[in-house]
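Chemist: With the hints as a guide, bring both chains together as one complex.
Residue numbers (the numbering used here), protein chains in the order written: chain C, 1 to 308; chain S, 309 to 586.
Because the hints were derived from the structure by calculation, they are not lab data. These numbers come from a predicted model, not from an experiment. One or more hints might be untrue.
In silico lysine-lysine, DSSO-like type, Cα no more than 30 Å apart, as pairs [as the list claims (entries may be wrong)]:
id	chain 1	residue 1	chain 2	residue 2
1	C	150	S	480
2	S	512	S	542
3	S	512	S	480
4	S	512	S	493
5	S	361	S	421
6	S	542	S	493
7	C	150	S	361
8	S	480	S	421
9	S	361	C	29
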Amino acid sequence: MRDAFFRTLVELASEDERVIFITGDLGFKLVNEFATRFPTRFFNAGVAEANMVSVAAGLALSGKIPFVYSIVPFITARCVEQIRNDLCNMGAPVIVVGVGGGYSYGENGPTHHGIDDIALMRAIPEMTVVCPCDPVEAADAMRALVAYGKPAYLRLGRAGERSLPRCNGYFELGRPSLVRTGEDIAIVASGAITSEALNAADKLNETGIDVAVWSLHTVKPIESSVSIIAQARYRLVIAVEEHGPCGGMTEALSARMHEVSSGTRVARITAPDTFTHPVGSQGTLRKTAHLDADGIAERVLTLVGGKN
Amino acid sequence: MKTYTDAEIADETLIRMASRIRAHVVTMSSRARAPHVASALSCVDILVALYFKVAQIYPADPQRLDRDRIILSKGHACAALYACLSERGYFSIRNLELFAQEGTAFALHPSRKLDYGIEATTGSLGHGLGIGTGMALASQIDGHESKVFVVLSDGECNEGSVWEAAMWAPSKRLFNLVAVVDYNKLQAIGRCSEVTGIDPLPAKWEAFGWDVVEVDGHDLVALVRSLTTTHSTKPRAVIAHTTKGKGVSFMENDIEWHYRPPSEEDLDRALLELGVVL
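Next comes chain S alone, as it looks inside the complex (with noise of 0.2 Å):
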């Protein structure tokens, strides 16, 4: 896997996509009436270091065996995915507009299709890292290098089938996957450590067998580096500390932007914070 300088990978390329992805974001769940706006702002960074830098993978062939896998196990960040999935050339743009439009392919979830880029549906929490351990082993019995990438939220962690995967993997010896988990603190209705005892996540994930490394969420350098190098034989656990929201100030750490979409003047003022035209 190709290594990366620091000003290589912070170059103002891989930063002004994340602010469009942010815009596309926000202008999506504006049209849409869509919920989520915040979840899907807090895992923006991440997905760019997937799609722009990381991930091996060939929008003008989809399907090719030895590609990497990236899924978005919380599915519910899906305009996000869309997002970069479209500026990364699987479809168009202008696709962007029919999110969550009747009688289109773009629901508020994402639904497994290969031409768009989409390996899995979910969408349900807790199913992402199973299928994800699958991928990764049928890789290393065909002998692929390929690696498998999934994003989990920190509420997603509630699920025991992420512990049942977070168990079994590591005895699988699956260095080539990579659970990423948007830290952010907040839930649907809560913050987590009131939810449930999720503290302290990262040694959850050490004791289970991941090589984790802790990273700030939103420093596209750090996230790059964490995604890129591996364990010889551990998977790895990327917990990627978060700002719910992150990119417009209103509505960062907020639980309200967890279900309320955003306005017409929502979107300008937002649009205004990130300084960029679409």
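Same shape as in the complex, but just chain C (with noise of 0.2 Å):
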């Protein structure tokens, strides 16, 4: 995902001389291409992601669309208030990119990790917050953003992750992914552990439980996305989310579901809310979360009574 995002900022660089790309000095060799093609619209503001939103705003208050980019947690809870004041408040169109959402940074351990993010993000009144879940939604993401011309937080893999099925068409933002299709029971996942809902989906399938499979990418706004999920008048919905389980989409989308559709039950798949201390590489974190395909499959299991 880290990679086709480096590839579509070329690409929308190209396209747009407004597109500029800000790094809080990480992305070794990555923005090489970006930086050699546009030099005068590259720009390093060092360790500092605080002032690099605040800069990024300037820019964007004079007609420029900036994409702001560190790891997760460093360009969401490091300057929350400059994303807060400076981008939302003032509608200055910055797209804030944070790399390695969940565990991506499993072994950096969990100053690096990504677990409450969104909940930040979607706390800001005037924010738009995307979770693709793949290499073509975050590409997609990224051209829908520059569009939009309102401050949004895009939150990527770095795990080199797989591209996944399409079953419902075409990318709007607001307008979730359909990546397999199935009656009854729908798993709706944010961000790149769509890949391993889609796996636990396969696996359930051979146990004979259909299940579908949602990429909620817009998780703020979320009503459009919980419609759209709430008219396929699923028996049950299973909210799976690499985060922590305080405000996040699995809550956004509980809340919201309770509202639209009574009759659909929707149960929750979340990292822990603890700071993980044994040292464990993204997969291994996920598999002790229950956030792995075979996690997520015996939690379904578990919620339909069994085989069926």
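Modeler: Right under this line is the structure:
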């Protein structure tokens, strides 16, 4: 997904001279093509994320479309107030890019884990939050956000995510992607964890349980996405997110679904509300949190009461 | 950029305008029972120099792309900003009566509204210099000759984000960026030098790569000079030595007036001292 980001960034910059890229001293070699092709529109803000966001605000208020880029906690928690006041409060169209959602930076330890970023970004008024599930959706989201003209947070994975199937055509902000069709039960995921959800659905299919999988990429505003999913009248929706239980997509989905479709039961699978101390890779940490395909499948089986 | 003789700068109009702005500030603060009157009085001459002499701005065409930008990063001194903008013609002077009134656009801290000449929403300290840095950068990218002026408070220099911007802007050779520090030596509840190790402030900016000019922040001639000349590569930091509460004797250098709103009696005394009838 990270490679798709840089590839698309170069495309967007060649199409639109307002596009500017600022990195918080990250992306060794990855930034090279952009920096070489667009030297006047590439900036390294240094290890100073708060200033990077304010500078981007100034650029955006002068007609530019800046992308600012760092690891999830550094570009979100570190500079929440700059995002709140300088971007959202002034409507400065800056695309805040967090690389390494969830446990992407597993072995780096909890300082690098992105398990509270969605909550922080969702809480800010007039913010838009987008978590693409794969490289294709990441590229589509970037194009949509450049055209969108409002501040947004884009959360990326970094693990070489595979491209997932699409069953409902085109990309549009606020319109979730149907990754796998199914009736009665749906797994709704956000971000790179969607591929684990799809694997879980495939496993469940082997046991005779047919499960749809959605990528709910536009986490905020969430209303239209929930309406679309509610229209399918699933008996059970399992919301899955590589993020803590507080304030993320699963919480938002659950609350909204309750408002619009009382007949749909919503269960949630999230990362725990803890910092993970023993060292672990993303795979290990997902497994511990029951966020891997096996964990998700087991949870669905429990919820539907055995193997039907 | 136009250069001025001392006489041209220190003409009576500019000096009278500074007194008028001070009279507005005290009147607005008294009427609204608003805090920060002394902070606003402190930066009046800086703002008058910028809005009435230095900055190339166009109240009739407020969004002109090649305009200079002025950011009041010490947003709590907003009464002085509104007074300057109204006297400069961005909106009716009668609107100053709406300061901090319900349902109006005039909060105690400014919100970006280009029609009114307000370039940035401020109020939380430590944001304006970074925003101004981005605007100065955009101006260079676009090949405009516009300059960006950011007015900071000394207490604001406690914020780490000020120094993030201060360290980055010189590396981009933003000679079109000017930071003006309203250095009145008093912050909200204490003397700056006692709250943090702010001194030596000019040396700090110099060490960060800025072209530093120290001026008497109530000397309009010195201010205009420091704001009109530029270094060929470095951004400029104008360290403006000021007096908190300047112009109203009983408010000067008295920390009480950071928060205390002027009573009607205070207002009468202040207007008498300022010799202004609004």
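Chemist: Now tell me if each hint is right for this structure.
Modeler: Evaluation of the provided hints:
1. With a CA separation close to 27 Å, the supplied pair residue 150 of chain C and residue 480 of chain S stays within the 30 Å bound.
2. Simply put, residue 512 of chain S and residue 542 of chain S have alpha-carbon atoms about 15 Å apart, close enough for the 30 Å limit, and the pair holds.
3. This hinted pair checks out: residue 512 of chain S and residue 480 of chain S have alpha carbons roughly 18 Å apart, not beyond 30 Å.
4. A hinted pair counts as satisfied when its Cα atoms are at most 30 Å apart, and residue 512 of chain S with residue 493 of chain S qualifies at roughly 15 Å.
5. For a cut-off of 30 Å, the pair hint linking residue 361 of chain S to residue 421 of chain S stands: about 22 Å separates their Cα positions.
6. Straight-line distance between C-alpha atoms of residue 542 of chain S and residue 493 of chain S comes to about 26 Å, which keeps the hinted pair within the 30 Å bound.
7. A threshold of 30 Å between alpha carbons decides the hint, and for residue 150 of chain C with residue 361 of chain S the separation of about 35 Å lies outside it, so the pair is violated.
8. Taken as a hint, the residue 480 of chain S and residue 421 of chain S pair is honoured in the structure, with Cα atoms around 28 Å apart against an allowance of 30 Å.
9. Distance check on the hinted pair: residue 361 of chain S and residue 29 of chain C sit about 48 Å apart at the alpha-carbon level, beyond 30 Å; violated.
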